[in-house]
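Modelling step: build the complete structure from the supplied sequences, incorporating the hints.
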Amino acid sequence: MSIRLENINYIYSPDNAFRKHALKDINLEIREGEFVGIIGHTGSGKSTLMQLFNGLLRPASGHLYYDKSDIFEEHYNLKILREKVGLVFQYPEHQLFETTVLKDVCFGPKNQGLDEQSCIEKASEALRLVGLKEKYWEKSPFELSGGQKRRAAIAGVLAMQPEVLILDEPTAGLDPRGKNDILEQIKKLHQELKITIILVSHSMEDVAKYANRLIVMNQGRIYFDDVPKGIFKRYQELEAIGLAAPSVTYIMDRLRKKGFAVSADAMTVDEAKEEILKFLGKDK
Amino acid sequence: MIREITIGQFYPENSIIHKLDPRVKLFGTIAFIVMIFTVNNIGGYILTAMALAGVIRMSKVPVKYMLKGLKAILFILIFTAVLNIFFTPGTVLFEYKFIRISEEGITIAIKMAIRFIFLIMGSSVMTLTTTPNHLTDGLEKSLSPLKKIKIPVHEISMMMSIALRFIPVLLEETDKIMKAQQARGADFETGNIFKRAKSLIPIFIPLFISCFRRANDLAMAMEARCYHGGDGRTKMKPLKYYRYDYIAYFIIFIYIAGIIFLNQSTLF
Numbered sequence: 002m003s004i005r006l007e008n009i010n011y012i013y014s015p016d017n018a019f020r021k022h023a024l025k026d027i028n029l030e031i032r033e034g035e036f037v038g039i040i041g042h043t044g045s046g047k048s049t050l051m052q053l054f055n056g057l058l059r060p061a062s063g064h065l066y067y068d069k070s071d072i073f074e075e076h077y078n079l080k081i082l083r084e085k086v087g088l089v090f091q092y093p094e095h096q097l098f099e100t101t102v103l104k105d106v107c108f109g110p111k112n113q114g115l116d117e118q119s120c121i122e123k124a125s126e127a128l129r130l131v132g133l134k135e136k137y138w139e140k141s142p143f144e145l146s147g148g149q150k151r152r153a154a155i156a157g158v159l160a161m162q163p164e165v166l167i168l169d170e171p172t173a174g175l176d177p178r179g180k181n182d183i184l185e186q187i188k189k190l191h192q193e194l195k196i197t198i199i200l201v202s203h204s205m206e207d208v209a210k211y212a213n214r215l216i217v218m219n220q221g222r223i224y225f226d227d228v229p230k231g232i233f234k235r236y237q238e239l240e241a242i243g244l245a246a247p248s249v250t251y252i253m254d255r256l257r258k259k260g261f262a263v264s265a266d267a268m269t270v271d272e273a274k275e276e277i278l279k280f281l282g283k284d285k
Numbered sequence: 004m005i006r007e008i009t010i011g012q013f014y015p016e017n018s019i020i021h022k023l024d025p026r027v028k029l030f031g032t033i034a035f036i037v038m039i040f041t042v043n044n045i046g047g048y049i050l051t052a053m054a055l056a057g058v059i060r061m062s063k064v065p066v067k068y069m070l071k072g073l074k075a076i077l078f079i080l081i082f083t084a085v086l087n088i089f090f091t092p093g094t095v096l097f098e099y100k101f102i103r104i105s106e107e108g109i110t111i112a113i114k115m116a117i118r119f120i121f122l123i124m125g126s127s128v129m130t131l132t133t134t135p136n137h138l139t140d141g142l143e144k145s146l147s148p149l150k151k152i153k154i155p156v157h158e159i160s161m162m163m164s165i166a167l168r169f170i171p172v173l174l175e176e177t178d179k180i181m182k183a184q185q186a187r188g189a190d191f192e193t194g195n196i197f198k199r200a201k202s203l204i205p206i207f208i209p210l211f212i213s214c215f216r217r218a219n220d221l222a223m224a225m226e227a228r229c230y231h232g233g234d235g236r237t238k239m240k241p242l243k244y245y246r247y248d249y250i251a252y253f254i255i256f257i258y259i260a261g262i263i264f265l266n267q268s269t270l271f
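Chains W and V, in that order, are what the protein sequence lines are.
Per my numbering, residue 2 is the first one in the first sequence, and the count goes up by one each step.
Per my numbering, residue 4 is the first one in the second sequence, and the count goes up by one each step.
Derived from the structure by calculation, the hints contain no laboratory data.
Treat the numbers as computed from the prediction; the structure is a model and nothing was measured.
Hints are not guaranteed to be accurate.
What the hints assert, rightly or not - Simulated DEER-style distance windows between Cβ atoms: (1) Phe143/W to Ala227/V: 22 to 30 angstroms; (2) Asp16/W to Thr41/V: 31 to 39 angstroms; (3) Ala52/V to Phe19/W: 24 to 32 angstroms; (4) Met225/V to Ile242/W: 34 to 42 angstroms; (5) Ile242/W to Ala227/V: 33 to 41 angstroms; (6) Glu74/W to Asn195/V: 36 to 44 angstroms; (7) Arg129/W to Met225/V: 40 to 48 angstroms.
What the hints assert, rightly or not - Residues from chain V that face chain W, not an exhaustive set, calculated with beta carbons under 10 angstroms: (8) Pro15; (9) Lys182; (10) Arg187; (11) Ser213; (12) Gly233.
By construction, the Cβ of each residue, glycine as well, lies at the ideal position given by its N, Cα and C atoms.
Below is the structure:
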């Protein structure tokens, strides 16, 4: 499995006053098993890019290859592609519609043409994966809390057993604890089920902690494409396009400037802690 | 796909028509519509077509964009034309079994089609060049005398502006929900009519819920800002007539006079 984008351009409303060139000459390859973070300011093109991955949008020009076949070719079966590339939109709980949580999660597998028994099996498995307890399964999705709704909605996509899972701001509007829970679940999916994850976000903190590769978008172009450490080193350039490195990076940077010999590579609080302890230990 | 619907959507541009007072445009549109239906000879149609073409030209809205709006009503247009052609009694031109086409039928069909196109184009010039807020402002002001007979003009226009304001929001929402369900393998394009109608459930339920949620949020936000109806409420940008507006009124009256004159005349 790999996704390769070649010279992709996307234009909204090409022939009237609302024309917007949302993606400009995108070249990109996402390999199996990666955990990619896509970051960018509002309007940088990250959501547009995301919708290209499973063929919901058609580019004005360029090619997108999934497993070496061009998905915008005339006879390509997009329905099959959408089973393989699961897409979780922002505020996915807004798409819940069934009478019970379990039925809603069954919607995807049912569209795949599976019989009821295997639908329920897949749905139950997905619900367990996102950590939604069995006592909620027969409830109306509208009775759940915000975080639970979101899990149910993510399960709705996972039930189709995708090879790639794309999530757009999966933690938007959740409290810190709900946020961590969801991100930890996603990490588990990546590690245990070996699903390729593409996480679209504008929070550096979230992405830094989990992704092993970062793509920074700015004004429809790829600005950086590197490991997180490599990108956060250039935090001044990030600030110029309205983004910022995680706060820890700044603390470590200041410490260095004050003459403490810590490495400025730390991206998470834990790494920073270790780095500082190491330094203090040496000092003694 | 769903964004292609252009009827009633504001088209930002910097033209004289855009800058006119909404009351002028409302009056002009109403006068235009009334006049279309009184026109009774070819001279009137030519004058109307010229007037419309002039206004569209001045509005700087691309003609292509306007014609796109017509596409949406193509079905109604063809439907009425067909009804008129086949069911108008008169001098029979063509007869085959139960099908009967009369001369009058064809004339009426053509007339009605032209009037319909004028009607849609004329009113879309207004909606394309006026922001919904501006439009309801104009409506509220024009109808304000009705307050004396206890008609809640302000409330009605507030409801209208909210409804208009939310059309693009809901279209976008529909688009998003459709995509989200498509990502879960939903299929809206194949199958017979029942299957397709059923496939709309996963769109409509979330859409309704989001409408209620939005309505609730909006009501709350309005309450929080002490909204209590129209009494004693002032405007940030009160409507005021400028020179252009008087000129526009003058031109509208000339158009009305022209049509009345042509209707009376025996030239055509």
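Against the structure, the hints come out as follows:
Take phenylalanine 143/W and alanine 227/V: their Cβ atoms lie about 25 angstroms apart, and the range 22 to 30 angstroms holds. With their beta carbons about 37 angstroms apart, aspartate 16/W and threonine 41/V fall inside the hinted range of 31 to 39 angstroms. Under the hint 24 to 32 angstroms, the C-beta atoms of alanine 52/V and phenylalanine 19/W, about 29 angstroms apart, fit the expected range. In this structure the hint that methionine 225/V and isoleucine 242/W lie 34 to 42 angstroms apart at CB holds, the actual value being about 37 angstroms.
Our hint of 33 to 41 angstroms for isoleucine 242/W and alanine 227/V holds, since their Cβ atoms are close to 35 angstroms apart. About 28 angstroms separates the C-beta atoms of glutamate 74/W and asparagine 195/V, a value inconsistent with the hinted range of 36 to 44 angstroms. Checked against the hint of 40 to 48 angstroms, the C-beta distance between arginine 129/W and methionine 225/V comes to roughly 44 angstroms, which is consistent with it. Here the hint on proline 15/V is kept, as its CB sits about 6 angstroms from the closest CB of chain W, short of 10 angstroms.
Annotation: interface hint on lysine 182/V holds; nearest CB of chain W at approximately 5 angstroms, less than 10 angstroms. Because the smallest distance between the Cβ of arginine 187/V and any Cβ of chain W comes to about 4 angstroms, under 10 angstroms, the interface hint for this residue holds. A least Cβ separation of about 6 angstroms between serine 213/V and chain W falls short of the 10 angstroms threshold, and the interface hint therefore holds. Here the hint on glycine 233/V is broken, as its CB sits about 33 angstroms from the closest CB of chain W, past 10 angstroms.
The structure fails to meet hints 6 and 12 from the earlier list, while all remaining hints are met.
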